[in-house]
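Those protein sequences? They're chains A and B, same order as listed. The numbering of the first sequence is our numbering, which starts it at 546 and goes up by one. The numbering of the second sequence is our numbering, which starts it at 1454 and goes up by one.
The hints are simulated quantities; they were obtained by calculation from the structure and are not laboratory data. Mixed in with the good hints there might be a few duds.
Just a few of them, taken from the derived set where beta-carbon distance is under 7 angstroms, the chain A residues facing chain B [as the list claims (entries may be wrong)]:
(1) M546
(2) G606
(3) D632
(4) L633
(5) D634
Every residue gets a Cβ at the ideal spot worked out from N, C-alpha and C, and that includes glycine.
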Amino acid sequence: MRYLLLIYQDEVAQSQWSGEEQAAEYQDYFAFSVESEKRGVSAGAALMPTNSATTVRVRNGKTLTTDGPFAETKEQLGGYFVLHCNDLDEAIEIAAKIPGARHGSIEIRPVMEIM
Amino acid sequence: MDTIQQVVSETFSREADRILAALIGTVRDFELAEDALQDALLVALERWAVDGIPYNPSAWITTTARHKAIDRLRRENTLARKQVLLQALLEQDEQRGEEDMEDTAIPDERLKLMFTCCHPALALDAQVALTLHTLGGLSTTEIASAFLVPVPTMAQRVVRAKRKIRDAGIPYRVPETRVLGERVDAVLCVLYLIFNEGYMAMSGSELMRRELCDESIRLARLLTTLLIQESLYHEVPEALGLLALVLLHDSRREARVGPGGELVLLEDQDRSRWDSGKIQEGLSILERALHMRQPGPYQVQAAISALHAQAKHPEDTDWPQIAALYDALMRMTPSPIIELNRAVAIAMADGPLQGLALLDQTNLKKELSDYYLFHAARADLLRRAGRMDDARDAYTQALKLCLNERERAFLNDRLVEVTQSIELEGL
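Generate the whole structure from the sequences, applying the supplied hints.
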């Protein structure tokens, strides 16, 4: 199965991290991506903060563009990984190893497989 | 025809969980497995009337259901996932050949089914409903009536849980050693919840509540057997602990409800009405668990229940030992509720003032301020200590928070009693 692992974290709190804390987090993500490649993680990226987000809707043929993320929440989507594995237990095991799981939350979503 | 119907329905009710578990193991889809099983039962009714009853009815039904699953997949093989499934089933079928219709023993896959039904990715109420539905053989209507939920709500809960298992890829297997302990805990937790729902509820039909307790006991027994079969010995003591706990609680079922349906407190129960068979079984199972020397919270709770069960009269209760066991439980799984119980046991062992000193710890008071049993227990200790004014305030507070009518009646009686004694004092 394919799963999308969505990393949610408090970006305001994270923006106040010290230089060392940030460097340590990068280091952990680097280690994770090297290790997780062997376990079926095929893609992933960190996202720019939500103050760079734009939301687009088309209503009655008109494109409405607004500043900001789709929803204001306490934790924001900060990155993702795509994972190929056998079942949810394996996905949970990998998700728990994402450095962001220690301070934020990882949402595991199965990818819809359509022929 | 009547007898055929009887054999089909007897085979089904005796082995439904086992057949279903084996089917889910091969078709990997709860809904498909259940539909195919229904199909197979219909075929059995027709064919057995003509060909006679097969040598191994369960195996016959399982094999037929597997064929029916293949038929169903062929009819609607639009999704890639289904085609993969169909391919796997056809290969299995080829390997087994035709002659296995009756000979092969059905593999016992019920342990895997338990882990799937009690997977933490499912909501707790869904875990409970699904466990009762697939392993307990209770119909959705029966489960709904036991939990006082409308039938469509319960049906939807079960359907949603089955779909989540399929769509999220919740596995059907014995978990890896790394997570096995916590997954067994999850199963134990669901079985205990089922038991408590049957034991604690003061409303709903008596029959349904009894059924829940019996199912929980049966499933705890089954879990223990399966864990031993799979050589997962490390997980056995706590499973035995839960089994002992529910048996010992259940032994008091008849005595804990009065003729008017009111709750009878442990100290007021007619102990001759306790089920001595269940007590004996509970005690010997607990002993077996304790011999394995891997203590855990269910074993400790069972040991507490055992000390109550062994006391012929309330005054024979070994309260110091019970207080020590609550102390052990507090170290394993700290919680304010356990601390409350420990305080009550200490009050019984050493006197109400010792118990009150524990209840009046500031953090406990804060955490349990909305819990009526905290105020009820405190009121009782204050009353025993002769602090009637404080007791009256505590009973009043408990009454404000308690919603259960029978318990309210009990608290109200005590409040009247305490108020009267204050008035007498004033004379």
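Checked hints:
1. M546: holds (4 angstroms)
2. G606: Violated, about 33 angstroms.
3. D632: holds (4 angstroms)
4. L633: holds (5 angstroms)
5. D634: holds (5 angstroms)
Of the numbered hints listed earlier, the single one contradicted by the structure is hint 2.
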